[in-house]
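Read off the chains here:
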Amino acid sequence: MSKKVTISPVTRLEGHGKIEIFMDDKGNVEDAYFQVLELRGFERFCIGRPAEEMPRIVPNICGVCPSPHNMASTKALDDLYSVEPTPTAKLIRQLHYNAFYVEDHYIHFFFLAAPDFVLGPDADPAVRNIVGVIQKVGMEIGGKVINIRKRCREIIKLIASKPCHPEGGLPGGVPRGITEEERKWIKETADDCVEFAQFALKLFKDIVLANKKYLDLVLSDSYGLKTYYMGLVDDKKKVNFYEGKLRVVSPSGGEFALFDPHDYISHIGEWVEPWTYIKLTHLKKVGWSGLIEGDKTSLYRVGPLARLNVAEGMATPLAQKEYEKMYDTLGGKPSHHTLAFHWARLIEALQAAEDMQRIANDPMLTSKDIRNMNLRLKRVGIGCVEAARGTLIHHYETDDRGLITKANLIVATQHNAAPICVSVKKSAQGFVKGSVVKEG
Amino acid sequence: MADKPKVAICWLGGCGGCDEAVVDINEVILKVVDAVELVLWPVALDFKYHHIEAMKDGEIALSIINGNVRNSEQEEVAKLLRNKSQLVLAFGACACFGGTPGMANFRTKEDIFNWVYRDAPTVVNPKKNVPQPKTQVDGKELTLPEFYEQVFALNQVIDVDYYLPGCPPPPDLVVHAITAVLEGKLPPKGSTLAPHKALCDTCLRNKTKPDKLALKNIKRIHEIEAASDTCFLNQGVICLGPATRTGCGEACININIPCRGCFGPVEGVVDSGAKFVSALASIIDAEDDEEMQRIIEKIDDPAGYFYRFTLPVSLLKKKRV
Amino acid sequence: MATYEPKLVCFSCKFGWGYLADEHELAKQVKNWIPIICSGKVDSSHILNAFKQGADGVLILGCRGGDCHYQDGNYEAKKRVILLHKLLESYGIEKERLRIELAMDPEGKRIPVLVKEMSERLKKLGPVKKIEEPAKTASAV
Ligand code: SF4
Ligand code: SF4
Ligand code: SF4
Ligand code: FES
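Chains as they are written, first to last, in this note's numbering: chain R, 7 to 446; chain B, 920 to 1240; chain Z, 7 to 147.
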């Protein structure tokens, strides 16, 4: 008879999940499942809606990564209407997007992940949280995090209204321009973001990397997972959050595929299991492998580490240096360590901050040319961006009034759902020998 | 610790944006965390439902619940928190009215499942699997919540004491609501903790509205280069301002985008769509029947505008099939 | 469906319809008849509410062309009806179930006739489809 342990809800993770762990009578883990418990049906209830309303509807798919949905949708509209955004519109969109990356990566790092490695996974649930982190690292640092987040969200608010639900985004442009007055404080924020990003990396090194015991633990095999990786790269194969081609590298690091997001259907498959509401994405060209890691797997991961693994480097100079340091420490590419996701996140925040600086200094930022009105509806539009948590694809089809007739969405949590299943089982087996299960 | 009021924050069918909205009160969050004992907050804290089940009825002073109810688990959690709490605050448009995902009430469960698990172009499903409430995998049973036929607002499942609308609610109103609870300065049960007026009453563009608006054509937002200081309705673009409660600080208007009604109907109005139908009809300028038909015929998807956030609490609630 | 008798609600403006008729007599002939002052006073929410309460159809009778005593209440009503047609269709309620007629009939003779006519048409459509109402008391925790 096997015994079942349920962990519900899964906490400090966006999305509604539970974990079921099955143990034999000796208390060894036989099996573990990560189940996603809900479905909302966005792809269906947007049928009949005017396409240009989509950037305002889809952010509600995930309020933790609403900007990526808004952006993927807006880019799908560019495609749908065969239109390029004006240079200024593109700068404004990217400013919004980078500001989002900075604040989101920090909320993820400090609120969701740091409780584990700053306080340790064994800490009491009552203190294993951001408040505990702040108590440990000090009020001053806590205040800095909150301050950077607040100021980045001011930029998002300026461009896209509510940070949890951005409303801007039109085919070929943006609804609102930026003034010289506003540029001033945007610039200050961008500068402070770069400084903070470097500070955060130092903090990570001081607290996490200096902790030998913790480092050994997370670099051990049971804390890693060997899968493929997917992410956007620019034409120099550098990390890009906003546009580019999708590149896939194999578990051993070779390039497996490089494709235009328009071809996503021939590369990405969604597998259906009766025990979870989420569809499990995998590489169609490998064929569904089941929930396994290693050379035979068809599973890939996305997100910060995946993007760094698929790219040849970062797009900005300071981030590039950190990138090199990371792979030196971890012993080359690709890295499969879960810990490296956090490290990669901090490096990406630095790239986003540096890119904010570039945009804040661009003379074109404040031009009034924010809309390209040369719209030609072609009835199919596909938009792809890197959400903070990974590749995001929006695919719409419309009738000749531009009303949605079909929508297909591939979201970041999907790509990672199957790998999470594998890693939950693996870490449960690694840690639960002889019956005690830690909540977490 | 012992005398601090216990507070639970929980998401049901929400997007997490309402959880972020709590964090968005920035420095104030530290004070709140100091003044209360948080007993549940899945997105940030590690407490589990069994911690709540072990509590006495009414032990929690306040449960802040965001998200709508679309499945059996969400219903159970809502009822659990109701039993353990003195006050329940429906937080955000999803909890108050069903929210954007409430538009799923225009479709059936079957339609959603067919597309998602069968017809979408990326589906690979040789076994024709569909998520099931109970599945046996290698002799082990896995369960999933039951997906309901429709979306419910929170007050259609449990009693709700207070409402805080918005998608998500803005920081000033969040602070205001939490302070009101902590200081015991609450209005009568059932109140919405937001201003009573319509968005148009506070919108700066209102003064550009002529005495009598007269529209010969309704345009869609991408079709025009909207002026940044003129009332959207005056530019022929649908704006839900006349039928929507104010309180968001004109968030969308500020970025030159019309309102879609996330604050729900103004005080005393049940169906924001009905209210907007009357407002819109009155500004359509048609000489005769034919012109009326022509102008109105060209309004694409009125239901999707008028009930963007409120379909489950509208008078007719859901599509009949 | 042979025995099915559609539930129809009829709002009629007192200024244009049946002001010379015996109201009691007329009320006997027309079930759910609601005489009102100006069709412009029939709010959209009244119409939606009628359907919510289970009506199979709503008929609004307003004054002819320029005859409305409240400027253009009748035109307002007509515009609302056309807009509501689109809205009702999204709810799966056919537009034939909501009708407006602007004319003059002091004797009110046509009221029962129009009601009958519409009822006949609704019979062919069958009753409005029902939805389940949520029950707060469903399963316990
Ligand atoms: S109200 Fe808006 S922000 Fe809040 S949970 Fe619903 S969709 Fe998300
Ligand atoms: S209709 Fe919209 S733009 Fe016009 S005054 Fe009202 S809220 Fe402002
Ligand atoms: S303008 Fe309308 S849709 Fe936008 S935040 Fe305010 S109430 Fe919500
Ligand atoms: S007075 Fe009869 S319709 Fe207005």
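Calculated from the structure, these hints are not laboratory results.
These numbers were taken from a predicted model, which means no experiment stands behind them.
Careful, some of the hints might be misleading.
Negatives, chain B to chain R, calculated, CB over 12 Å [said to hold, decoys possible]:
hint : residue
1    : V942
2    : A1012
3    : K1028
4    : T1041
5    : N1048
6    : H1095
7    : L1134
8    : E1169
9    : G1187
10   : I1202
11   : A1205
12   : I1214
13   : L1234
Distance condition first, Cα-Cα at most 25 Å in a straight line; then the derived BS3-like pairs of lysine-lysine [said to hold, decoys possible]:
hint : chain 1 : residue 1 : chain 2 : residue 2
14   : R       : K432      : B       : K1053
15   : R       : K218      : R       : K193
16   : B       : K923      : R       : K412
17   : B       : K1217     : Z       : K115
18   : R       : K96       : R       : K291
19   : R       : K291      : B       : K1028
20   : B       : K925      : R       : K431
21   : Z       : K130      : B       : K1138
22   : R       : K374      : R       : K232
23   : Z       : K13       : B       : K1028
24   : R       : K142      : B       : K1217
25   : R       : K96       : R       : K242
26   : R       : K10       : R       : K32
27   : B       : K998      : B       : K1138
28   : R       : K431      : B       : K923
29   : B       : K1028     : Z       : K92
30   : R       : K384      : B       : K1217
31   : B       : K1053     : R       : K412
32   : R       : K431      : B       : K1053
33   : R       : K96       : R       : K10
34   : Z       : K34       : Z       : K92
35   : R       : K9        : R       : K291
36   : Z       : K58       : Z       : K130
37   : R       : K150      : R       : K208
38   : R       : K142      : R       : K193
39   : R       : K142      : B       : K1108
40   : B       : K1047     : R       : K291
Every residue, glycine too, gets a C-beta built ideally from N, C-alpha and C.
Outcome of the hint check:
A cut-off of 12 Å between C-beta atoms contradicts the statement that B:V942 is not in contact with chain R; the least separation is 7 Å. Not every CB of chain R lies more than 12 Å from the CB of B:A1012, the least distance being 9 Å, so the non-interface label is violated. Annotated as non-interface, B:K1028 brings its C-beta within 12 Å of a C-beta of chain R; the closest such distance is 8 Å. The beta carbon of B:T1041 sits about 5 Å from the closest Cβ of chain R, which is not more than 12 Å, so the claim that it is off the interface is violated.
Not every Cβ of chain R is farther than 12 Å from the Cβ of B:N1048; the closest lies at roughly 4 Å, contradicting the non-interface assignment. No Cβ of chain R comes within 12 Å of the Cβ of B:H1095; the nearest lies about 17 Å off, and the non-interface call holds. Even its closest Cβ contact with chain R, about 18 Å, leaves B:L1134 beyond 12 Å, as expected for a residue assigned away from the interface. Distance check on B:E1169: its Cβ comes as close as 9 Å (rounded) to a Cβ of chain R, failing to clear the 12 Å threshold; non-interface status is violated.
Annotated as non-interface, B:G1187 keeps its C-beta farther than 12 Å from every C-beta of chain R; the closest such distance is 26 Å. In this structure B:I1202 is separated from chain R by more than 12 Å, as the shortest Cβ-Cβ distance comes to about 20 Å. Listed as a non-interface residue, B:A1205 keeps its Cβ farther than 12 Å from every Cβ of chain R; the least gap is roughly 21 Å. Residue placement check: B:I1214 keeps its beta carbon more than 12 Å from all beta carbons of chain R (closest about 15 Å).
Interface exclusion of B:L1234 from chain R stands, the closest Cβ pair being 19 Å apart, more than 12 Å. Taking the CA atoms of R:K432 and B:K1053, the gap is about 24 Å. The hint holds against a cut of 25 Å. Distance hint between R:K218 and R:K193 is unfulfilled; the C-alpha atoms sit about 39 Å from each other, more than 25 Å. This hinted pair does not check out: B:K923 and R:K412 have alpha carbons roughly 51 Å apart, beyond 25 Å.
Only pairs whose Cα atoms come within 25 Å are accepted, and B:K1217 paired with Z:K115 is rejected, the gap being roughly 37 Å. Between R:K96 and R:K291 the CA atoms are separated by roughly 34 Å; this puts the pair beyond 25 Å, and the hint is violated. Of the pairs offered as hints, the one joining R:K291 and B:K1028 is violated, with about 31 Å between alpha carbons and a cut-off of 25 Å exceeded. The hinted pair formed by B:K925 and R:K431 fails the criterion: a straight-line CA distance of about 34 Å is larger than 25 Å.
A C-alpha spacing of about 37 Å is found between Z:K130 and B:K1138, which places the hinted pair above 25 Å, so the restraint is violated. Pair hint R:K374 plus R:K232 does not hold up; C-alpha atoms about 49 Å apart against a cutoff of 25 Å. Distance check on the hinted pair: Z:K13 and B:K1028 sit about 29 Å apart at the alpha-carbon level, beyond 25 Å; violated. At most 25 Å may separate the alpha-carbon atoms for a hinted pair to count; R:K142 and B:K1217 exceed this at roughly 60 Å.
Among the hinted pairs, R:K96 with R:K242 is consistent with the structure: their alpha-carbon atoms are about 20 Å apart, no more than 25 Å. Pair hint R:K10 plus R:K32 holds up; C-alpha atoms about 13 Å apart against a cutoff of 25 Å. For the hint pairing B:K998 with B:K1138, the CA-to-CA distance comes to about 44 Å; that exceeds 25 Å, so the pair is violated. At roughly 39 Å between alpha-carbon atoms, R:K431 and B:K923 are farther apart than 25 Å, so this suggested pair is violated.
Among the hinted pairs, B:K1028 with Z:K92 is consistent with the structure: their alpha-carbon atoms are about 23 Å apart, no more than 25 Å. A threshold of 25 Å between alpha carbons decides the hint, and for R:K384 with B:K1217 the separation of about 20 Å falls inside it, so the pair holds. Distance check on the hinted pair: B:K1053 and R:K412 sit about 30 Å apart at the alpha-carbon level, beyond 25 Å; violated. Note on R:K431 and B:K1053: the hinted pairing holds, with a Cα-Cα distance of about 20 Å set against a maximum of 25 Å.
The hinted pair formed by R:K96 and R:K10 fails the criterion: a straight-line CA distance of about 52 Å is larger than 25 Å. Taking the CA atoms of Z:K34 and Z:K92, the gap is near 33 Å; set against the 25 Å cutoff, the hint is violated. For the suggested pair R:K9 and R:K291, the alpha carbons sit about 38 Å apart, so the restraint of at most 25 Å is broken. Between the alpha carbons of Z:K58 and Z:K130 the distance comes to roughly 21 Å, so the proposed pair stays at or under 25 Å and holds.
Distance hint between R:K150 and R:K208 is fulfilled; the C-alpha atoms sit about 14 Å from each other, no more than 25 Å. With a C-alpha separation of about 31 Å, the suggested pairing of R:K142 with R:K193 is violated against the 25 Å cut-off. The straight-line distance between the Cα atoms of R:K142 and B:K1108 is roughly 40 Å, outside the 25 Å bound, and the hint therefore fails. With a CA separation close to 20 Å, the supplied pair B:K1047 and R:K291 stays within the 25 Å bound.
Going through the hint list in order, the structure does not satisfy hints 1, 2, 3, 4, 5, 8, 15, 16, 17, 18, 19, 20, 21, 22, 23, 24, 27, 28, 31, 33, 34, 35, 38, 39.
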